[in-house]
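Student: Use these hints to put chain B onto chain A, whose structure you have.
Residue numbers (our numbering), protein chains in the order written: chain A, 1 to 206; chain B, 1001 to 1230.
If you're looking for bench data, these hints aren't it; they were derived computationally from the structure. Keep in mind that the hints are not guaranteed to be accurate.
With the Cβ distance kept under 8 angstroms, some of the chain B side facing chain A (calculated, not the full set) [said to hold, decoys possible]: (1) 1056; (2) 1058; (3) 1063; (4) 1076; (5) 1218.
For each residue, glycine too, the CB sits at the ideal point set by N, CA and C.
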Amino acid sequence: MNEQALITDAQAGNLDAFNTLVLHYQDSVFNTALRILGDEDQAADASQEAFISAFKSIKSFRGGSFKAWLMRTVTNACYDELRRQKRRPTTPLEPDTEDGDEMDSPRWLADPNMTPDQQAEADEVEHAIQHCLNNLPLEFKTVVVMADIQGMDYSEVAAAIRVPLGTIKSRLARARLRLRECLQGFAELLPASYRLDEGVALSASK
Amino acid sequence: MNQRELELLSAYLDGQLSPSDSTRLESRLKSDLELVSVLDDLRAARNLLRQLPQRRAPRNFTLTRKMVGLNPPLPRAYPAFRFATTLATLLFFITFSVNALAPQFQQTLGFGTGGGEPEVFSAQAPAATEAPALADAATEAPIDSTNLAPLPTMMPPSEGESARTLETPTAKDGAVGNADDQDQTQVASEAMPVPVPFIPSVWLIIFAVGAIVGAIFMAAMRRSSINRWK
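Only chain A is shown next, with the shape it has when bound in the complex (with noise of 0.2 angstroms):
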């Protein structure tokens, strides 16, 4: 794929080329999208909107990189969801626990398909992190979501939210501090090579 031509052809408005464009990028924006908002229905949408806004505003990219341009957008798209939804909030599909309490992975949603066993073996690490992630500010969450989960190198996220390099050094080492911590009390769900020796945690967290 010769991203700079099907760009240039986008800028001229040329839909075909955007939508190859599109297609190749279209898994990592949603998995932007799914990780900042934890939902998929929000994140289909608002990687949708990104795409849309990503099409109207092609001809203001002025070169550099293409990822992280999108991934401003979808950021951003985002961040509109996350207002709206602060303007009218949403009661969570999530059902309480014998005890009243929230439960965090509800078995109900699972996979039909997947025996219960196989079904937790496979959520039980990513919901634990969603929920980590879900509890980060915004603005870390989305250096760690670019940074970590789609490894894109610090200049791209410095690029695509607009901030300084070294603003998303501390922010993403801000980020991973508190995602260790919130990971803590997780430890019992994580596979034996990913558990965090929590002595040492909590001492250089003080």
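Tutor: Just chain B, lined up with the frame of chain A:
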């Protein structure tokens, strides 16, 4: 552990430290077990995040032209046709309005009541010019009609009166006939107004045809463009 050390460890993990900073941190890591543990924890947290499964998009997010409000590219001649059609339509309505309203305005403003008649009323002229001719014919008629029998309502005149009767009725008849003819002429001229358009009707037709043809051409161009675009 302070924030600065945490940032250094995080950046070291991602290979974002300068060579000199890396060397300095590595030498510290050899002697500081706490730093090593925190680095391991950060690495474990990062690996967990990287281990998150990449979900496939639930559907394709490819865009349609409708989604982005794209219109088909129209031929270069299209704007010229649009301008011409709009102009023709505008001129048609102006012409139509002027022709419909001008006579009323002129009547309201009193044109034609003075010395000369306006051109608009010239259509009434033929009817009006016939009236004096009829009147003249009526005045000449008594020469032949002198032998006509007196009106049945008249009493038998005396000889003197009969001579006068022979003359006066002629004049009277002429006058009465003249007045009746004038009334008839007036009624005829009021009953059959033949307005002359202010702007010749041929222009009205030209503009109407221009507007219709232009609209048809524009619709055909648009349809052809959409079909080609699809």
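Student: Each hint: holds or not?
Tutor: For each hint, the structure was consulted:
no.	hint	in the structure
1	1056	holds (6 angstroms)
2	1058	holds (5 angstroms)
3	1063	holds (6 angstroms)
4	1076	violated (16 angstroms)
5	1218	violated (22 angstroms)
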